[in-house]
Structures are given as structure tokens and as C-alpha cells.
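Colleague: Take these sequences, add in the hints, and give me the full structure.
The sequence shown begins at 1 in this note's numbering and counts up by one.
Worth flagging that the hints you see were computed from the coordinates, not collected in a lab.
Cβ coordinates follow ideal geometry from the N, Cα and C atoms, glycine included.
Treat each hint with caution, since some may be false.
Stated by the list, open to error - Heads up, simulated PhoX-like pairs for lysine-lysine below, C-alpha to C-alpha not over 25 angstroms straight-line:
| no. | residue 1 | residue 2 |
| --- | --- | --- |
| 1 | LYS174 | LYS87 |
| 2 | LYS229 | LYS17 |
| 3 | LYS184 | LYS132 |
| 4 | LYS55 | LYS174 |
| 5 | LYS87 | LYS118 |
| 6 | LYS184 | LYS42 |
| 7 | LYS17 | LYS42 |
| 8 | LYS330 | LYS379 |
| 9 | LYS55 | LYS17 |
| 10 | LYS87 | LYS132 |
| 11 | LYS184 | LYS17 |
| 12 | LYS42 | LYS55 |
| 13 | LYS330 | LYS380 |
| 14 | LYS118 | LYS132 |
| 15 | LYS229 | LYS330 |
| 16 | LYS174 | LYS17 |
| 17 | LYS174 | LYS118 |
| 18 | LYS132 | LYS174 |
What the hints assert, rightly or not - With beta-carbon atoms standing in for the labels, derived distance ranges:
| no. | residue 1 | residue 2 | range |
| --- | --- | --- | --- |
| 19 | SER47 | ASP159 | 28 to 34 angstroms |
| 20 | ASP77 | HIS126 | 17 to 23 angstroms |
| 21 | SER47 | ALA388 | 30 to 36 angstroms |
| 22 | GLY48 | GLU362 | 40 to 46 angstroms |
| 23 | THR127 | GLU81 | 21 to 27 angstroms |
| 24 | TYR80 | LYS42 | 19 to 25 angstroms |
| 25 | GLY61 | LEU383 | 52 to 58 angstroms |
| 26 | GLU59 | THR319 | 54 to 60 angstroms |
| 27 | ASN240 | HIS126 | 40 to 46 angstroms |
| 28 | ALA2 | LYS118 | 51 to 57 angstroms |
| 29 | TYR80 | THR319 | 51 to 57 angstroms |
| 30 | LYS55 | ASP303 | 51 to 57 angstroms |
| 31 | ALA239 | LYS118 | 34 to 40 angstroms |
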Amino acid sequence: MASNFEFYSPTRVIFGKGTEQRVGALVREYGGTRVLIVYGGKSAVRSGVLDRAEKSLAEAGISSWTLGGVVPNPHLDKVYEGIRIGKENSIDFLLAVGGGSVIDTAKAIAYGLAEPEKDVWELYEHTRTASKCLPVASILTIAAAGSETSNSSVITRVDTHQKRAYNDDISRPKFAIMDPELTKTLPDYQTESGCADIMMHTMERYFTNGGNMELTDALAEGLLRTVMKNAVILHTDPANYEARAEVMWAGSLSHNGLTGCGIASGDFMSHKLEHEMGGMFDVTHGAGLAAIWPSWARYVYRDCLPRFVRFARNVMGVTADGTDEEIALKGIDAMVDFYHSIGMPASFHELGIDPTDAQIDEMARRCLEASGSALGSAKKLDLDDMIAIYRAANH
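Modeller: Written out as C-alpha cells, the structure is:
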């Protein structure tokens, strides 16, 4: 039975080849006059997309400043640096040129500049909520996080190894420029990590004991099958434009709320567990999700059996006969095989980390502390459950 829901996805999407050349006119349309461009590493410079963005802004009569050096699992210190630059130059618009880490950093800076007398980290500690946020937009260069249309941002505080999320609709980007050509030069590992992340945003909503809708399930299953198909294509043919386009569009739809309509509450435990892995070991987010999901799935599937059976049949293509438990486990095994087929890990060992028992206990404690109660929808997890899942992944 469907739960009541509200769907809100106001981000304007400009999709296709060469669309980044429109950024100046778009920023002007949304009232930007003094723009801070946030980007990651040298690829934005080498590809020319940063120069094209600056040129387009200048042609529209818009002043711009740049802040580079954003890293995966983006750091709070970089957010503070952006806030300082923004204050010094009266920035009124944030433009992210990059993927989820860059967009999340831009959102955090936008929060900080809108309420400059307050510490933005308080939002991520959930000790207060935001009342204002400067406008944000993006030129997407990595298909993964879905931050270009979502209300979410995730920031890491390095000194305390805390990786924390904050969700608020006021941070949803005004527009997202999405040119699949810009993702063609990504390393395979980054492309496939992105595919794992995209899928997980929908899987977190799919595996629930809350309400559901047939149409939402069909959309979710279709999205997952589409990403799987094109992830395999890109593993051997990284320049395939059509596959890049399918994955890029799936990334936005997977995290704008569409695949959760009618669901009482998503699970999101794989994300919460991975956040602690990322905070402690600085692992690539999508790969970390792939590494933790199998142990989570095998731990909870009995409590959410109909969903795991449906997933096995409708997403993973399991046709074998058997009990519901056997079919569910075949679906989980098939997902592990898929991860391996695209070079993704399915355990901590394959991810390249070897946490001690003490580190596992600490990650579980922090995970529970971050939310303040038992977590999950497929199965409610307490501290001991989280420790068991981490240990099962550590083989």
C-alpha cells in the first residue's frame, strides 16, 4: 500500500553535448552577479571545461572567482576556505564544476555564506537547521552522487574522522548542466564506482518494509537494470556516448526522490555504514558501498524477504526455482557477481582495507551516534547488528 508522499524536484536540467556553454546566461537568469566556481583537480583545467565556464560567465557580464582542490570525501577545511573567499568578494552564487564532492562542497559553502555568523558544521552535526542558502548550480563532470538534483550534501571533518550528511531542500541546485561528453575521460574505477553509487541510491529506497507503489517499483527496477547494462558497456567501451548518457541521467533520477515515491521510509543503512568507512579510511564512496552492501543484505534479507525476492527476479534476472530464502540469496550472489564484473569490490579485503576489531567497534559506535537511535527500514539495526555487518564484510 502506498504511503502519502510529497515529490519536489525543482532543479532545471540542461542535458546534452556542449550545454556548458550556456552557463553564463543561465547564472544571469537566476540572479547571479558574483560567482564562486568550485572545482576539484586538474581534469577540470585540462579538459577546458573550467575555461569555457569562465568565458561564458564573462560574456554574460558576470564576475567570477575560483576555488579548486576539492577531493573525494570533501573536507570541511575546504568549505571554510570557500566561505572566507565568498565573504571577501561578496559572492552571491555558487557554481560547482565537477561531481558529487564538488557539488556538496558548493552547497556547504552556500549555507555558510547565507548565515555567515554561524558555523556551517553545526548543520552536519544536526545541532541546528539552515534558514537560508545561496543559490547553487552545477556543470556535472562525474555521474554518481546525484547531488546535482538532490537536497543532500556530505562533508568530512578530517581531524575527527567524521563524515556527515545534511539534507535540506533549500540547497537543491537551481540548474544542472549535464553533458555526457565531459565524463568520457574518467578512469574506469571512478566510472564504475559512480555506477555503484547511482544504483545504491535507488536500492536504499527499494529495500524497505514501508509502503510501496507498483509504478515506483517498476521505475526503480528499470533504472537499476539500465545502469547495470551500461556499466558493463562502459567497462570495455569507455567512450560510448549513449552509455554515458544513460548513466548520467540515471544518476539524477536515482537521487531526486523519484524512486522513493510512495515508500514510507528508505533504509539507507549501506550509506550510513559507508560514511564511517569513508571517514576513517578515505575510501571511494561508490566502491565502499559495493563492499558493505553484500554483508548488509545477507544480514537483513530474512526481515525484508518479499523485497529481496522481487529484486532477485526483476532486477538480477534470477529464474531458478527454490524457496524464497534461496531465491533472495541467489539475487544477492548475482549482485556480487555484477560488482566483480565491473571491477568493484564486495568485501573490505577487496576494497583494500583491514580494520581492526577496535576500529570496527568505533565505526559502529559513530554510526549509531550520528543518528541517535536504531537505524534502518529493512531491519532495525542496533550497535551489535552494525558490528556484525562490518565484521562480515571484513573477510
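Colleague: Quick check: which numbered hints come out false for this structure?
Modeller: 3, 21, 28, 31
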